[in-house]
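Colleague: Here is what each chain is made of, one letter per residue.
Number of protein chains: 2
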Amino acid sequence: MAQTKFFHHGRFALAGGVLPDAVTAYRTYGDPKNPCIVFPTCYGAKVADNEYMIGSDKAFNPDQFYIVTFALFSNGESSSPSNTPTPYNGPYFPAVTYEDNARAQYAVLTKELGVTKVYCVAGFSMGGQQAYYWAVMYPEFVERFICICGSARTSPHNQCFLEGPKAALVNAVDFKDGHYEKNAERGLRAFGRAYSAWAYGQSWFRRKAYLKNGMYTSLDDWLRAEWETSFYPQFDANDVLSLLRTWQLADVSKLYAHSTMDPSTRPGYMKVPDTFGDLHATLGAVKAKGLIMPSRTDLYFPPEDSTAEVDAMKSNATLVVVESDWGHIAGGGGCEEDTNFIRDQTHKFFRETS
Amino acid sequence: MAQTKFFHHGRFALAGGVLPDAVTAYRTYGDPKNPCIVFPTCYGAKVADNEYMIGSDKAFNPDQFYIVTFALFSNGESSSPSNTPTPYNGPYFPAVTYEDNARAQYAVLTKELGVTKVYCVAGFSMGGQQAYYWAVMYPEFVERFICICGSARTSPHNQCFLEGPKAALVNAVDFKDGHYEKNAERGLRAFGRAYSAWAYGQSWFRRKAYLKNGMYTSLDDWLRAEWETSFYPQFDANDVLSLLRTWQLADVSKLYAHSTMDPSTRPGYMKVPDTFGDLHATLGAVKAKGLIMPSRTDLYFPPEDSTAEVDAMKSNATLVVVESDWGHIAGGGGCEEDTNFIRDQTHKFFRETS
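Chain order of the listed sequences is A and B. Numbering of the first sequence is given in this note's numbering, commencing with residue 72 and proceeding in unit increments. Numbering of the second sequence is given in this note's numbering, commencing with residue 72 and proceeding in unit increments.
These are calculated hints, taken from the structure and not from any lab test. Just so you know, not all the hints are guaranteed correct.
When chains are identical, the list treats them as one kind, so a pair holds in a single copy or across two.
When the alpha-carbon atoms are kept at most 20 Å apart in a straight line, the in silico SDA-like pairs for lysine to any residue are as follows [what the hints assert, rightly or not]:
{"id": "1", "residue 1": "Lys-279", "residue 2": "Ala-379"}
{"id": "2", "residue 1": "Lys-342", "residue 2": "Arg-316"}
{"id": "3", "residue 1": "Lys-76", "residue 2": "Lys-117"}
{"id": "4", "residue 1": "Lys-385", "residue 2": "Asn-105"}
{"id": "5", "residue 1": "Lys-279", "residue 2": "Pro-374"}
Computed from a predicted model, the values in this text were never measured in an experiment.
Just need the whole structure built from these sequences, with the hints factored in.
Modeller: Here you go:
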């Protein structure tokens, strides 16, 4: 049984400010002598939730690999609005980007765990977006990356979709501009409801898969049991919003764009690249081998975006579409058949690139 | 210039109760001696908004047809929470179904306007759903119907999508369980934001069509100008919710299911049909000729649902998919090319069935 560990960075610069003692939560699986797989969390996940893809019969086998899972900043385990002391608590928590997360994770790997090379960075959804950042930011360190139902840049439609749940939460009667004394139950339950219809394909609903073979009696029953509670009570409202901001800021071609640090005092690795804002050129320069797995029916990370991104990476990346009506959730462990397909494609990718 | 007229029904039974003096708002265009086209409103529309399809160069030519446009109950012009006196005001307004709307519109046509046969009932979105109801409820009266971006039954996914904007509104700080003294601005603006990403196809966003050729500078700029204001201030929050309930209750195979009237006292035309709940059989019995025009990229009335419904109607109905990336809005007048395509297909349908 893996334990969650906490790495203290001390003073650590994020895009929107500096935390006096930033913390990254992580878990490790397997022998540190084996090739390393880095596997960051997705939206609405705790670090333990990544275990759906870890096991001897899963995509990532701890008998063969040294697997390190990371909690994203703002997930409630790594530094987040809910666990950071004044003056960076709650609504005062600074903006965080994927590059901040990747830098923090890199620090844990190199300073604490002695990792000198990463065999593969893999992730689902926000985790998949992070995998792109890893490939761009650490070309000499990352050999492979896998992006499941994610993208290198959050598309305008994806941004717009996120504005819906966000509007439901920030205008809710108990959110109080983030200054609630008790977690915003109504806001978070509304957030879940406004999120729900985006998570699966239309045909998944058409065949009433939400009834879960008789577990629920109606759409509303399912919404109440699975979506009003998908964030409440286990996630803090300010955390949910901060994590959403990281998602919305994603654009791997715009590294360090959101940093408030004076450009003249930034370390070398934080220099803005010449290809700033040019996604095609940024992806064209990626050295790591990529496996990009969108779901056919994903409503907010549609396969069209993945196709364009794979084309930009030329022969370095492979596109494999998960043929599923589970929409985005196809990559999140909701459907065993899809999870097994992703496992098999992952193993094939490892064989063919090793 | 057409004027809005108001028909007073007197005491009128709706699904959820009886209004002492129900009102239907409508407009007429053209000569009453010409064949009659009935054209009810969609969600978030006033009766005048239907003019985007009325004109000598439009789908419905007032030189050839007698066109009657109807405001749906709860749109703020026909009887609605916002304009109904105590005891049925605001949150106390009874539930309304499409069958109530069709019955009310039928009364206006036959009692006030002397119409004895309808050449075509046509509508977009909720208006298109109403067209299905007309065809099922008045088989001897309706010769043709056109459903643009609508369906005969609100699918589970469509229901679920609607729960998002609804949750944003009903949990908003100024909604106050419908007992606001001033229209719920924050709730309605959140409602608009939670609705926005559903209205267009993903590729419409990908090509940044929301910037409207330089009219806006960012996604947020467009959201503020076009979506936060799509319901506020011109629509009342309780109206918006009541109309949404009509939409969610749509199932043309379940006529009178929601009526609170004692079945033994219902008039003959309100008897529940033998095919209750059987959409395939209900549609199979439709006599009117149907033209069903979904948009290829409509996220909540996807063409798959229309295909199944057209199949059920056999040779009586024709499916024509609008090939557009404007999503649902393709049918709502947002894109001139799509509007013209729908016009041309409408004229073709009229020629081939006359």
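Colleague: So, for every hint listed, does it hold in this structure?
Modeller: Checked hints:
1. Lys-279 - Ala-379: Between copies only: 16 Å across, 32 Å inside.
2. Lys-342 - Arg-316: neither (23 Å within a copy, 54 Å between copies)
3. Lys-76 - Lys-117: Within one copy only: 13 Å inside, 59 Å across.
4. Lys-385 - Asn-105: neither (29 Å within a copy, 62 Å between copies)
5. Lys-279 - Pro-374: Cα proximity of Lys-279 and Pro-374: across copies only (18 Å, versus 24 Å in one copy).
When the structure is compared with the earlier hints, violations turn up for hints 2, 4 and for no others.
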